[in-house]
Structure formats: structure tokens, C-alpha cells
Amino acid sequence: MVVDTKNIHTPHPPTGLADNPGSDRVVRSADAQRLDVRSDFPILAREFDGLPLVYLDSGATAQKPKTVIDAVSKYMSERNANVHRGVYALAQESDAAYDGARKKVAAFVGWEPRTTIFTKNVTEAINLVAYAWGRANVGPSDVVLTTQMEHHANIVPWQVLCKERGAQLRYLEVDERGELSLEQLDQELAKGDVKLVAFTHVSNVLGTIVPVAEMTARIRAAGAISLVDGAQAIPHMPVDLSKLGADFYAWTGHKALGPTGIGVLHGRTEILGEMQPFLTGGDMIASVDFDGATWNELPYKFEAGTPPIAEAVGLGAAVDYLVELGMERVRAHERELTGYMLDRLQEVPGLRFVGPPEAENRGGLVSFTIKGMHAHDIAELTSRGGVCIRAGHHCAQPLMRCLGIGATARASVGVYNEASDVDALIDALQAGLKVFGL
Amino acid sequence: MDDLYRDYILDHYKRPRNFGELDPHDMEALEHNPLCGDELGVHIRVKDGKIEDLRFHGHGCAISQASASIASEELMGMELEEVGKLNADWAIDLLGIPVSATRRKCALLGLKAVKGAVTGDNSWPVGPA
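In order, the protein sequences belong to chains A and B.
Last residue of the first sequence: 438 (the working numbering), numbering continuous.
Last residue of the second sequence: 1129 (the working numbering), numbering continuous.
The following block holds chain A by itself, in its conformation from the complex (with noise of 0.2 Å):
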């Protein structure tokens, strides 16, 4: 892995530090943030129709480093065999690798291993505490309160359950800055019917940072459940769960430069202990005869069946190489990155992103519209340069609906890309309003 400190020498400098002839000191620390780490990246070394591939989608996944890929070739290669079963050596090995990794994972975010549970992925989580604490714990004069701004996967789940305990849902409203209202909140926990808050830490729409700590610390005062989605938060900025206060947060490997197929679950000890399983089978057990069966401890008793232990170990090196970035000068890199698109992206005529305007208060994520020409459109003309960015309602058609429009563009960086893939992004969008006449 490489981080350069040395100045990279960009066509278009980032707005406000080179720029600016009185900061030296600012363009050093600027500098010192800066990551050069593409070449970790083998994916990245691909052309298409000759052109260098620039990916900025990966709010929707991440690109793999070497060290994860191998890491999974060597598992494979090397120490594969069930978990929590054989007593042979190779089996032994396995169980390390598959525990060693949960224990980096939750170390990386300052919580227990043993209330750090693998799912398939943020979704699957969510259904967890949907069906086995939602089930226990939400009846019907209860009310079960989320965002305007979530992912399908953080509403869909609440509805199922509020409809099948005659629950009522409701939204915290997003406001034209792209933002909740704590104010809201607090009216909302008055009324004293609130029996969990599900809410995301980064909107993958809008971009927005919530004040996750702000939130938790008036959820836990009005004496409701907290449920963080994590997914586009835990890769790109420093996450310490010790500090956050939330009941649950959840998160996926393959945002976080890790395999798909693994999500994880942080839960607080005395709710995990209390809830009774979600999925039931295998490994999840403590003992079973014919007419019943008892639980294994934590965090097995939410882990049925066999687990993803190779996406375990890939995900366990992908927090490996993060924390060997540092999760603070991946924040301060990305955030120069988005600010530096912010800046551009106001050169393309007609365009219009959401959620707040400065770079400070978002994660590593632009949405936006380009008046004459629809968001599959940009997308597919951004792909003829190479560029590759997402289209459509990113599984958030109710914000979409608010927000008054059909579909955004997205472009969304992480710890490999570079000012050059902004600048590429602007050129593929300029080309692509010539094809429209625009």
C-alpha cells in the first residue's frame, strides 16, 4: 500500500487550497491527508473500449484491494473447513480466521465481539431486529419511527412489521437542506407512543451526515430502541459505536472494500440476550432433543447455518487495510474529493445536485438531475467516457417522491479515487449534453 504525501499534481486543483496563495500550511496538511493508493486496486487497471475505467459508484459497492482478494484466495487455498465443529487442525485454523475477523471488525468500530454479529448483509440485519426484537416488543398501539431519507431496506422491513402488529409508522421529515430536524424528533418522542427510531447515518441519496449521537442520546431519554444504518457511513469516515449510543447498528463488507455476501449487526448486550432468535438451525443452538431445543450464547445464536467465513476473513483484511489508511485521512480525502466535485459539477449547465451544499456535511456521495436529459441517460452517456456513476431512485422511491423528482445521477467516491476521476466525470457529462444538443 502506498499513501503519498507528496503533492499530486492534478489538471484542476482542488477549490480553496492550491488556489489560495496565503495558506501554505494548509495546502501541507491538505497534502499530508491525500491518498495515492490506486494501484492497490487490480480492478482499476481495466480499459474499456480503451479507455481507463473511473469508478464512481461506490456508494452502490466498493472496489477490492489486493489485500483482500487475497486474503480470501488464501483461506480458500489454505485454512478451509466448517467453523465451530471439527477438532482436527485445519478446523481450528478455520474457527481463528472466522473469529479472529469478527474481532477486528469490532474492534474497528469500538464495540464487543461478542455482540458483533455477521448477516448477509445491512438488510438482512435489519430484518433481524425487525422480526426478532420488533415481534416481542412493538404491539399495537405502538409506533415504530423512521426518516424520509432511508433506503428501502430501512422502511420496507417496519412496514411489514407495523402492519402485521397494527403498529403505526412514521417519517421524521427531510427539510430542503436535506436534513432532519432534531426539533421534530423531540416532538415525535414526546408523544410517548415511540417504541424504536431506525434512521441512517448517511443518506445514500441525499449525502447528508446525520447527527447520529444527537439523535440516540433524546431516543434513549424518551425510553425507545435506536436501529443506525451504517452502510454508507462505515467505510468512508471514523466510527466509534462506544461514542454513538446507538441500541443497534448495522452495516455491509462489500461498501467497506470487503466481499458481498457479509453484513454485520452491533447490538447492546442486555437487548441481543433478551431477544429470542431470527433465523433457527444449525449452530444457533445450544442443545436440541425431540420436543425442543435451547440457544447458543451470543453472538452464535443469531448466526444459523453455516456463516460466510471467507467473506468473513475478506472483510476482517479489508478493516486491516483501512485502519492502516487511517479512517481520519480517509475521511479528510474523500471530503476533498466530494468538495472538489461539488465545485465542478456547478460548471455543467442545467445541473442541480441535492442535499446540503458543503462538502463538510456529507459523506462521499453526489446526487444530481441535469435539466433536458434524464438520469439513465447521463449515466449511459458518462459510461461512453469510461465514467461509471449510478441512475435511479437508489432504493429510496419515498424520498424521491418528496424530493419531487423521478431519478438522480450519483457519483460517489472512495479511498482510490482521485481528483483526475472528478475531471473525467465532468468531461464524460459536458460530452454527453453535446449528444442531447444541450
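The set of hints was computed from the structure by calculation and includes no laboratory data.
Please note that a few of the clues may not be correct.
Within a straight-line C-alpha distance of at most 25 Å, the following computed SDA-like cross-link-like pairs (lysine to any residue) qualify [stated by the list, open to error]:
| # | chain 1 | residue 1 | chain 2 | residue 2 |
| --- | --- | --- | --- | --- |
| 1 | B | K1014 | A | T369 |
| 2 | A | K434 | A | N361 |
| 3 | A | K434 | B | I1097 |
| 4 | A | K371 | B | D1007 |
| 5 | A | K104 | A | S73 |
| 6 | B | K1050 | B | M1078 |
| 7 | A | K434 | B | E1052 |
| 8 | B | K1014 | A | I405 |
| 9 | A | K371 | B | K1050 |
| 10 | B | K1014 | A | R384 |
| 11 | B | K1014 | A | A213 |
| 12 | A | K434 | B | R1006 |
| 13 | B | K1014 | A | K163 |
| 14 | A | K120 | B | N1087 |
| 15 | A | K243 | A | L182 |
| 16 | A | K163 | A | R401 |
| 17 | B | K1014 | A | G404 |
| 18 | A | K434 | B | T1102 |
| 19 | A | K243 | A | A222 |
| 20 | A | K371 | B | G1020 |
| 21 | A | K434 | B | P1016 |
| 22 | A | K163 | B | P1034 |
| 23 | A | K66 | A | C388 |
| 24 | A | K371 | B | R1006 |
| 25 | B | K1014 | A | G385 |
| 26 | A | K434 | B | G1041 |
| 27 | A | K120 | A | L182 |
| 28 | A | K371 | B | M1078 |
| 29 | B | K1014 | A | L182 |
| 30 | A | K371 | B | G1041 |
| 31 | B | K1047 | B | P1034 |
| 32 | A | K371 | B | L1004 |
| 33 | A | K371 | B | K1014 |
| 34 | B | K1014 | A | V435 |
| 35 | A | K371 | B | Y1008 |
Heads up, incomplete: computed chain B residues facing chain A, CB under 8 Å, no partners named [claimed, not checked]:
| # | residue |
| --- | --- |
| 36 | Y1005 |
| 37 | Y1008 |
| 38 | L1010 |
| 39 | E1028 |
| 40 | C1036 |
The beta carbon of each residue, even a glycine, is placed where N, CA and C say it ideally should be.
Chain A is fixed; fit chain B onto it per the hints.
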């Protein structure tokens, strides 16, 4: 010239034919493309077992809008029985451009709405051929 965004495609996108509402109408349907959030609805007026008039409404990408617009001109006066038999190749040939697997749903959204309105069956598949 661009393979996909040919002049006539962009012309139909920017000035779609037979778009708007049609009241009163005898048949209607609304279709969504869950992938991209596109919405395309259709109102149809029927006379003597034929499409007498038809209007599309909604929003979508250049491919879905142009496809509906081009098809609308062919559908005028068509026997309902014939509409029920139209297949995906009909719409794609009419569009006249190479359609990738991901854009196939866009290209077929208009015909799916029309077939749904005419036959009452909205299960016509528009997935990969």
C-alpha cells in the same frame, strides 16, 4: 452519429407524439420501471374493436419515451386483438437501435402499458430475452 441517441430518438424524446391525458377513455394502465423509477401510463379510446385514440403520460429516459412515442403512431387504428399479440421484437424493431439488456426494460415499458390496458393482464414480461 451516436448509435443509441440518434436524431430521431432525441426528436421523439424532446417532442413526444401522442403524450398527455385522454378524457374520457375506455382503457388505461400505469407501468413502472423499478430499476430507474420511470413511470409510463396510457389512456386508450376504443371504437369498433380498434384503438381510436391513445395518449401516453409519465416520465422516463430517452429510450422509454422515444419508444412509446414511436409506437403510439403505429398503434393508432390497430385492432385490439392484434395489440394483444404484439411481441417485444415489434417494439424493438420499431425503435431501430441496438438495445442492451439493461435498456430493454426501458424500450418495452410503453408496450407493456398498452398491452396491460388492452388485455387487462399486466404480467407481460419485459426481462432479458
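Hint check: K1014(B) vs I405(A), CA-CA at most 25 Å. Holds or violated?
Holds, at about 18 Å.
Given the proposed pairing of K1014(B) with R384(A), does the C-alpha separation stay at or below 25 Å?
Satisfied, since the Cα-Cα distance of roughly 22 Å is no more than 25 Å.
Holds or violated: K371(A) and Y1008(B), Cα atoms, limit 25 Å.
The hint holds at about 20 Å.
Is K371(A) close enough to G1020(B), meaning Cα to Cα at most 25 Å?
20 Å, holds
Hint Y1008(B) vs chain A: min CB-CB distance below 8 Å?
13 Å, violated
Going straight from one Cα to the other, do K1014(B) and T369(A) come out at no more than 25 Å?
17 Å, holds
Between the alpha carbons of K1014(B) and L182(A), is the straight-line distance 25 Å or under?
43 Å, violated
Under the criterion that the straight-line Cα-Cα distance not exceed 25 Å, is the pair K243(A), L182(A) satisfied?
Within the cut-off at roughly 18 Å; holds.
Under the criterion that the straight-line Cα-Cα distance not exceed 25 Å, is the pair K1050(B), M1078(B) satisfied?
Status holds; Cα separation ~5 Å.
Given hint I1097(B) paired with K434(A) - CA-CA distance at most 25 Å
19 Å, holds
Restraint check for K371(A) with L1004(B), where alpha carbons must lie at most 25 Å apart
20 Å, holds
Take a quick look at whether K434(A) and N361(A) sit within 25 Å of each other, Cα to Cα.
This hinted pair is violated, its Cα atoms lying about 33 Å apart.
Comparing the model with each numbered hint stated earlier shows that hints 2, 7, 9, 11, 13, 14, 26, 27, 28, 29, 31, 37 and 39 do not hold.
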